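Undergrad: Sequence:
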Amino acid sequence: MGWIIKRCLNYGLALLCFLVVSSALAYGQQPGVPSAQSLEGLVDLMESQKKRETFVKDLKDLIEAKKAIDARGGVEKAAGAEQKQLLIIRVVFERFEGLSKEVRKAVSIMGRMLEEAPAAIGEVKRFLSQSENLSRLLVLFLDAGIAVIVALISALFLGRPVRSATARMKGPLPSKIGWGCVYVLLKAIPYAILCVAFNLLFKALPSLPEGHAIVLLFLILLLFYRVAMGAFRVLLSPDEAHLRILSFSDENANYLWIWMRRFAFYAFFYFMVTQSLMWTHMAQPYFYHLRVLLLIPFPVMLTVFILQIAQEIRMNQKKEMEEAETTRASSEKARNRVLVAVIRYWPILATGYTWAIFLALMLRYERGFEYLFYATLGTVVTALIMLLALRAIDWAFRRLFRINERVNQRFPGLEEKANRYVMIVRKGLAVAVTLVGLGAIGEIWGIPVSDFVASNMGGLIILRAVAIIITLAVIISLIEISNALAAYLVKGKRAGKKKEITQKQKTLVPVIRTAVNIAAGFVGGIIILDRLGVNTTPILAGAGIVGLAVGFGSQTLVKDLINGLFILFEESVRVGDFVMVDKKGGMVEAVGLRTVKLRDINGTVHVIPNSSINTLSNYSKVFSRTVMDIGVAYREDVDQVIAVLKEVAEDLQNDPDYGKSILEPLEVLGLDRFDDSAVIIRIRFKTKPLKQWGIKREFYRRMKRVFDERGIEIPFPHRTVYMGEPKEGLAPPMHVKIQEEKSLSGPASDQNAT
742 MGWIIKRCLN
752 YGLALLCFLV
762 VSSALAYGQQ
772 PGVPSAQSLE
782 GLVDLMESQK
792 KRETFVKDLK
802 DLIEAKKAID
812 ARGGVEKAAG
822 AEQKQLLIIR
832 VVFERFEGLS
842 KEVRKAVSIM
852 GRMLEEAPAA
862 IGEVKRFLSQ
872 SENLSRLLVL
882 FLDAGIAVIV
892 ALISALFLGR
902 PVRSATARMK
912 GPLPSKIGWG
922 CVYVLLKAIP
932 YAILCVAFNL
942 LFKALPSLPE
952 GHAIVLLFLI
962 LLLFYRVAMG
972 AFRVLLSPDE
982 AHLRILSFSD
992 ENANYLWIWM
1002 RRFAFYAFFY
1012 FMVTQSLMWT
1022 HMAQPYFYHL
1032 RVLLLIPFPV
1042 MLTVFILQIA
1052 QEIRMNQKKE
1062 MEEAETTRAS
1072 SEKARNRVLV
1082 AVIRYWPILA
1092 TGYTWAIFLA
1102 LMLRYERGFE
1112 YLFYATLGTV
1122 VTALIMLLAL
1132 RAIDWAFRRL
1142 FRINERVNQR
1152 FPGLEEKANR
1162 YVMIVRKGLA
1172 VAVTLVGLGA
1182 IGEIWGIPVS
1192 DFVASNMGGL
1202 IILRAVAIII
1212 TLAVIISLIE
1222 ISNALAAYLV
1232 KGKRAGKKKE
1242 ITQKQKTLVP
1252 VIRTAVNIAA
1262 GFVGGIIILD
1272 RLGVNTTPIL
1282 AGAGIVGLAV
1292 GFGSQTLVKD
1302 LINGLFILFE
1312 ESVRVGDFVM
1322 VDKKGGMVEA
1332 VGLRTVKLRD
1342 INGTVHVIPN
1352 SSINTLSNYS
1362 KVFSRTVMDI
1372 GVAYREDVDQ
1382 VIAVLKEVAE
1392 DLQNDPDYGK
1402 SILEPLEVLG
1412 LDRFDDSAVI
1422 IRIRFKTKPL
1432 KQWGIKREFY
1442 RRMKRVFDER
1452 GIEIPFPHRT
1462 VYMGEPKEGL
1472 APPMHVKIQE
1482 EKSLSGPASD
1492 QNAT
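Per this note's numbering: the sequence shown = residues 742 to 1495.
None of these hints come from the bench; they were simulated from the model.
The calculated lysine-lysine pairs, modelled on DSS-like cross-linking and capped at a C-alpha distance of 30 Å, are:
#	residue 1	residue 2
1	1247	1432
2	1232	1362
3	1432	1401
4	1432	1362
5	1437	1325
6	1324	1432
7	1325	1362
8	1432	1325
9	944	928
10	1325	1300
11	1427	1324
12	1168	1059
13	1437	1427
14	1387	1432
15	1338	1362
16	1338	1232
17	1401	1427
18	1338	1325
19	1429	1401
20	928	911
21	1247	1324
22	1387	1437
23	1429	1232
24	1362	1401
Here are the simulated distance ranges between beta carbons:
#	residue 1	residue 2	range
25	1447	1297	51 to 59 Å
26	1341	1152	38 to 46 Å
27	872	1117	57 to 65 Å
Quick caveat: nothing in here was measured; it's all calculated off a predicted structure.
By construction, the Cβ of each residue, glycine as well, lies at the ideal position given by its N, Cα and C atoms.
The task is simple: from the sequences and hints, build the whole structure.
TA: See the structure below:
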């Protein structure tokens, strides 16, 4: 991650240096002391009647535009501070208001230029046809040629010192910087000699002053171009990495070198063309339009450069985050989120500043740089203060509402319960600080935030915002009170004592709590919408119509709800009961307003709508009874059997595991009926709910064991095998073969009996 930050700083430093150099050079074009050529052009304008009429017409147009601007300025001043706008945007709007006039003027100027083109060509021919002018041009070219030869000779003499300075740049960073400056100076000396030699030769051999000025301008711009390229070569060293001052890879260094060459070359071309056009009287009427046209490629190139760098940084940062996502701590992840935000949004800011600077140049707004500088400085200071305030709020809340670690371990849910709405308060304060900071930044940039807040509309918005906050607080309070009451009512233990919670409470309390929460949220939402200026009457009418339609279209659902309410209020069934609904039986798992859920002994869940419940049998309401029909043989003594059954029941009731489930001793109902092969004695136990089946099974087990010990017969089906007999009355013999095995050591013997 460190190399990404370093790369951002290096790219930002290079971009800042170029913007400063470009802005300073462009600012140097502002009009100052008039030159001799400008005065000569003015004399020519006054002597030509046609040009003088055009100049007077342009002055009249400017006077009309000035009057219109002054009149609008007076109206704005009378309107007061409420009409204050963003300064730079106001200037842009004022410039664009006269755009149609400028276009018409440009079209007329281009037309006049085309009309004057033949005359201008004729003047050029007449100029070249004069031998005196040709001789002066030859002298000018001779001066330039001699100056170039002198510069080349000086470059040859400086070749060895340049190579020596380059070789000494292989040391540490301070040595690289020092010898790099020497390298740039040595590379610039031939071009400086070229400028000085050409100027001295012009004084010795005078020629055309206008040509001399243009050539000298070209040489000076060439000097600045070579100095800039030498500095960029020292910083980036695209060919040799060991000479590089900035810590870039070979690919990135060559990439930056390509873009720096593009910027420097176009800057050289721009200044050369614009300054040369100032010497041409024919180009002066439309010089401003050409200057704007030539300035446009600068912000376009810078925008492309910024977006390319942003894309490269974003891809590298995303790859690194994916590789180290699992090993990062929470604090480092927070820092990475900030870095991701910076990487995501810095191209927007850089592009905006680039276009703002060049728009100020294009629209000839002299205070644009000063305005941007102070506005940016104020924005940075305000943002730092805002960040410090947010950090202070976080620190204060962590200190004031921190729960001891030992207490957290003893009571795991205590911190969440104690600090339930602390996060909302902290977020609210953070939002308030952010809004105040953004308002201050808006004031710095000329947005009338304070005037808006002090106005009637601003006060109304603030009051409505306060009303919405109060409404939200009331809604949250009602919901919390509802949740607290619901938790209290379904709490199984109060003041250290256990309390049985009925199924009616378990079912109705959550339903009522949900209904209260929904009602509070709905009413609060309607109030908030009303405070926001939304007409709530159609919403309420629509809700009523929807409710009526739902009521008519879902009669079965309404029937389910009504039956469910009756079941809950009558407490016919509760969770944990064993019931039989029509032909479906099972343990009750849920009782709701619409359905009852049963799980049978096989594990199958039956969902039964409340409207379809006709008969409901509850096997575990308050207590249960297990009824048993005991069959014994006709030959057994009934009284003796009843006494044995009572003994078994008493023994079962005294058992520590089963006895606590039996509420009353065994009740013998007596001899109930005579079956085909047994007499039936009916008995029953009164047990706790859902314990009857376990008591019954255990009683049967013990009774069988005692009956076997006492010789009491439990009848079971008998079968007599009849072999048949002939007419004589003698039954046929039945042959039985009996086989006995002796010990393993002796032989086996078979015995047959007939």
